[in-house]
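With chain D's structure known, arrange chains U and B on it following the hints.
One-letter residues, chain by chain:
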Amino acid sequence: MQVFRKRNRIALALVAVAVLALAACGDDDDSGGGDQASQGGGEVVYALPTPPSQLFYPALVAEELGFFEEENVQPDLAPAAEEISATAFLDNGDADVSFADVDEIILARSKGGEHQAIFSPQHTNTAGIVVPRNSDIQDINGVAGQRVGLESEESTRFLDAMLDAAGVSKDDVDTAVVGTSGPLVAKLFEDDEIQAYVGNASDFTALEANGVPLRNITPEDVGRIDGNPLATLPDTLQEKRGAIVGFLRAWAKAQHVGQVNREVVEAIVREKVPAEWRNEASGEAALDLAIELMKPDDPERIGDLRPDVWATGQDVLSRAGVLEETVDVKPALNDELIEEINDFDRAEVEQAAEQWAQENN
Amino acid sequence: MHKRRGALAERGAAGAGGERGRITVADAIKEFEGGVLALDRVSLDARAGEFVSVVGPSGCGKSTLLRLIAGLIPLTAGTISVNGVEVTDPRQDVALMFQRPTLLPWRTALQNALLPSTLQRRADSAAERQAYELLDLVGLSGFEHTYPRHLSGGMQQRVALARLLMVGVEVLLLDEPFAAVDQLTRERLNVELLKVHERTSATALLVTHNIAEAVLLADRVIVMTPRPGRIADVLNVPFERPRVAEMAAESEFQELVLRAHQGLQGPGDEDVAREDRSVHES
Amino acid sequence: MSRNARSRLSPIRIARRLWPPLFFLALLIALWELALALDWVAETILPHPIDIAESFVDLITSDFVWDDIGATLWETVAGFALGSALGLALAIPSGLSPIMRQMLGPYAVALQVTPRIAIAPLIIAWAGFGYSSKIWIAAIIAFFPVYVNALTGILTVDEEAREMFRSLGASRWQTFMRLMVPSSLPVLFAGLKTAAGLSLVGAVVGEFISAERGLGVLVQQFSSQLAIADAFAVILMLMILGLILYGVMEWLERTTVFWLHDGRLAARTRRRAARARRKLARQDVASEPHPTLAGRKL
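Protein chains in written order, with this note's numbering: chain D, 1 to 361; chain U, 1 to 282; chain B, 1 to 298.
One or more of the hints may lead you astray.
To be verified - Under 8 Å between C-beta atoms, here's a sample of chain U residues computed to sit facing chain B: (1) F32; (2) F98; (3) S201.
Said to hold, decoys possible - Chain B residues, not near chain D, derived (Cβ > 10 Å throughout): (4) W19; (5) I69; (6) T152; (7) R162; (8) P186; (9) V201; (10) R213; (11) D230; (12) L236; (13) L243; (14) Y246; (15) L280.
Because the hints were derived from the structure by calculation, they are not lab data. Backbone N, C-alpha and C define an ideal beta-carbon position, used for all residues, glycine too.
In isolation and in its complexed conformation, chain D is listed as follows:
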């Protein structure tokens, strides 16, 4: 009878739903989570604070030019986000290595963690404070008595530290969290609602590329702090040393390509992250920034860890009142891999890039 048929239909629908639900539970796209200790393949799960982006061009370039393959490494991206602590991903095993902030790593250690920075590709800070270029404010001292827009609540401590170092009282400065919306910040500057903005280098370049000229008034010592050092846990390092070194060497090769052959990098990122090139000016500016950020202090030691800079970083934190007591930065830095990572033939790598350019033109 018809009723019977209808009953079957309902049952079928429920089964379909259940199957779908199970599929969702067990599903992971290509960036799976935390598969540690796979011996056979040299798999490395790395966490980035963004989805694939030209800001971290070495990941994309190394993939395209076959550097990961050469090193026999299978990299697996786990896109983290600003809100989630990068060190947390290391703690629960979701990632083998994670690009984190300097203060995140120091904080984690001060709470008893064993996190170590083993590689730091950006020798310039990605966070900073800017004012419109036509502003009267020339440096951080000029911010007293003004209103500062903040990218997020967390930026407060960054601002506090900079003010403290410059001898400006926190009470002299008015703050407001305005977010990262480019148009909004542009408008706020235009209407003189804020006189300075604490944010991200990517946001600064985007603003500039869209007709809002800026002046960066970040104090120099703060500006030198590493943008996104790579952290890991000692146990993981021991277990996957080979794979991690291979991963980072491939990264370093690609990073080097960026420093000497911008055209190839541009061609690659245009293809891999077309979404970042919708606005030509923004795309160009962002790539310039990315390459600039990844310029190593010492070209032979890409990713080097500089203890003096880290000591400053810790200073900033304790001045902002975030750190109760200072720790010894030395154990936080592990540069034993740097030489191995930099052990590759620069000329060979440059040639590989040239070859790719010819094949793909």
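Positioned in the frame of chain D, the structure of chains U and B alone reads:
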């Protein structure tokens, strides 16, 4: 709760011969939570094939009485038996019809009529044929595949009537089944009901507000008092069957109606509906 | 096609249906342009509609955006399925057992009132990267409307119908399947329609926080480059996606809860009558409709 088969088996065992189609209510008392006394020692007997109407003012407990006989609510004291078997739970040898047709809106008229068979997993082609016939009997042929939303109130009640008859039992309990339709439709439906009663010779107990309806349909009319419900009077309706609507014009008819009205006013001290009591003179 | 169906799709009818919303859209765009012209709002914040339309077409015809559309769609659908399944799974025992209801009720409400944005990072940390975390966020948001509506449906079954089933000797299972389930469907579908839209929101929220691809990721990427027309175009895509999902749910509702729609009922009646006629012709059953009573509606 009785398993379906158990009740039927019991019926087969105990309800042989003279007990079939009989309703016996003995000193029934029903008190609801909160101390409301709905029925105060009511007794009645309905023979096989008899049509009994129960009339009374609102709140007199007539619906309660019907529900007790149906097994839908528990008795506080006294006994009730149907087909010779005591009533403790809803039973399958009794068919119910209420004021609202309560048709399932996702089933056609035919499917609704077949509901009892479907629930007892007996919805085969024989049952289907029977459903067709019953729908025809209540005047709904051509509407078998129509959904309740497209049927008028009167038509829906007819479907409920057909459903009632599908159960194929000897005892029918009807609680103001036609109260929600207009007068004209109601008269027509009464005609259908009479037809059905004649055809099936089932025992019927009809609860109603409408005294004229009660007299027209029944062999006996039981008049109940206001709460707490007791039986005030019992009237024999001597008219011949098959009944026709014109009978309502006769003076004898009118007198019965009048008497029933009087019975509604006065409270009775004891119930008078037992079969073995002498019948009142008109 | 029957005549009725044909006339339903006639160009005149379609036009009549479409012109009110289109007119309103034209009005909206006129207002929009006015606002830009009078400088009430800056172009950098609200682009011209024509720019958005251009971006939309440009993106739709590109290759890469379809990966993102697919990702968001998958997260939404899977999240919706999961959330609905959980909602149903918990609503049924709650509806049938007062104790279960008392046990689960407060937690369902607590889950609902907790701002999902706050727990989203926790979910991501737990469910890991990949689609799972977005699916879980979408599921959590979709859960409550389905749970509440399914529960309401079960609890508000017509008392008299229940009594009727009891009097007909129906088992608990029969009462559940044949009465409670169909009776709850209208309310349930209302919840499912709400949940479908919410699942999309949940998926996008999850993407905002952590994802490799998806329409939410695109919006952020475009936004940060100040490619505002593109960002709006993606929002338009999200809107269209939401409308499509809603439309699918509406269609599903109309098919499943057919007894609330006159047109559907009439169609079913016709079909069944035709089928019955054929069956009768084959079986050669003798019963014929009573000539004087046939077809009279009283």
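Tested hints:
Of the supplied interface hints, the one on F32 of chain U is violated, with its beta-carbon coming no nearer than about 16 Å to a beta-carbon of chain B, more than 8 Å. Look at F98 of chain U: its Cβ gets to within about 6 Å of chain B, closer than 8 Å, so that hint holds up. Given the 8 Å rule on beta carbons, the hint for S201 of chain U is violated: about 21 Å separates it from the nearest Cβ of chain B. Distance check on W19 of chain B: its Cβ is at least 35 Å (rounded) from any Cβ of chain D, clearing the 10 Å threshold; non-interface status holds.
Taking the minimum C-beta to C-beta distance to chain D, about 13 Å, the non-interface status of I69 of chain B holds against the 10 Å cut. At the 10 Å boundary, the C-beta of T152 of chain B stays outside the reach of chain D, the nearest C-beta of that chain being 19 Å off. No beta-carbon of chain D comes within 10 Å of the beta-carbon of R162 of chain B; the shortest separation is about 19 Å. With 10 Å as the threshold on Cβ separation, the claim that P186 of chain B sits away from chain D holds: the shortest Cβ distance comes to roughly 15 Å.
With a least beta-carbon separation of about 17 Å from chain D, V201 of chain B lies farther than 10 Å from that chain, consistent with its non-interface assignment. Once the 10 Å rule is applied to beta carbons, R213 of chain B is inconsistent with being away from chain D; the minimum gap is 7 Å. With a closest Cβ-Cβ approach of about 5 Å to chain D, D230 of chain B is found to fall inside the 10 Å limit, against its non-interface label. The claim that L236 of chain B is not at the interface with chain D holds, since no C-beta of that chain comes within 10 Å of its own (minimum 15 Å).
Residue placement check: L243 of chain B keeps its beta carbon more than 10 Å from all beta carbons of chain D (closest about 22 Å). Its beta-carbon lying about 18 Å from the closest one in chain D, Y246 of chain B satisfies the requirement of being farther than 10 Å from that chain. Separation of L280 of chain B from chain D is adequate, the least Cβ-Cβ distance of about 16 Å exceeding the 10 Å criterion.
In the structure shown, a violation is registered for the earlier hints numbered 1, 3, 10 and 11, in ascending order.
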